[in-house]
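Chemist: Sequence:
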Amino acid sequence: MMNRRSFCKKTLLVAGGLALPLSALELFDPKRLLAEKDEKGARWVFLVDTRKCVGCGFCVKGCKVENEIPYDANVTRTWVERYLVTSDGKAHIDSPKGARDGFPEKGIEIGHGKLEEVRDEDIEKAFFVPKLCNQCDNPPCVQVCPVGATYQTEDGVVLVDRKWCIGCGYCIMGCPYGVRFFHPVHHVADKCNFCYHRITKGMQTACVDSCAFGARRIGNLRDPEDPVTKVIMTERVNVLKEEYGTKPQVFYLGLSKEVK
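Quick note on numbering: the sequence shown equals residues -24 to -1, 1 to 236 in mature numbering (1 follows the signal peptide of the UniProt record, and there is no 0).
It should be emphasised that the hints constitute simulated quantities derived from the structure, not laboratory data. All C-beta atoms in this analysis are idealised placements derived from N, C-alpha and C, irrespective of residue type, glycine included. There's no promise every hint is true.
As the list claims (entries may be wrong) - The list that follows gives simulated cross-link-like pairs (lysine to aspartate or glutamate, EDC-like), each with its CA atoms no further than 20 Å apart: (1) Lys28 / Asp70; (2) Lys73 / Glu42; (3) Lys28 / Glu57; (4) Lys28 / Glu100; (5) Lys236 / Glu219.
Stated by the list, open to error - Between beta-carbon pairs, the in silico distance windows are: (6) Pro80 / Asn114: 31 to 41 Å; (7) Lys236 / Ile99: 11 to 21 Å; (8) Ala102 / Ala49: 38 to 48 Å.
All chains, please: the whole structure from these sequences, using the hints.
Modeler: And the structure:
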């Protein structure tokens, strides 16, 4: 007899079309986008330049305030990860409170208030990586939602209808990027929605507005003159976990191989 955990896991793997990853990072080929059927309207995409991120956490603050995510709750719609790669090839990664307050401690947070000290002389490289919902073209979270509370708009953004969500958690388990969580107040599934209420009115997302260093940008992939589209089509960009077949629409510049 199959228990509930096994059933959920197998259901998500089949419904979401997921397989065990061959690698955590694949080089994205923008020519694939050119081969896709031309459609009308916008297709919102996000561009993250890891070379410009300084780990200040302003984007996380701005997102929490804009989208009514409790400021002190340990959940965020977007977050920043810190990577310290040492000479032994090990990547030390943390994101205290989602980097809401940046990274005030030199040591790497390993949980329960403990820090792992990494000597300066052992560090080969250090960088920050912002993360958020990838607004997949083939979103497994939509496929596994039993009540249609998670759905995809015509312009590609995946949204959650709080009135319909029953809090089953299937979408949270089905997301290979770990971007979904239970809202501590509304007790339903929540995640980044590209600030849909803003971008559909011609505004920037809260995190883009909050970033003083230009590390975050949003654009319309179907507009060849859009500055973000031009970067995606002409420069080396990466996406996370392309091997899952989700077709993520968050693109990265300067992404290091240690990022998962």
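Chemist: Compare the structure with each hint and give your call.
Modeler: Do the hints match the structure? See the list:
no., hint, verdict
1, Lys28 / Asp70, "18 Å, holds"
2, Lys73 / Glu42, "17 Å, holds"
3, Lys28 / Glu57, "14 Å, holds"
4, Lys28 / Glu100, "18 Å, holds"
5, Lys236 / Glu219, "12 Å, holds"
6, Pro80 / Asn114: 31 to 41 Å, "39 Å, holds"
7, Lys236 / Ile99: 11 to 21 Å, "19 Å, holds"
8, Ala102 / Ala49: 38 to 48 Å, "28 Å, violated"
Checked against the numbered hints given earlier, the structure breaks only hint 8 and satisfies all the rest.
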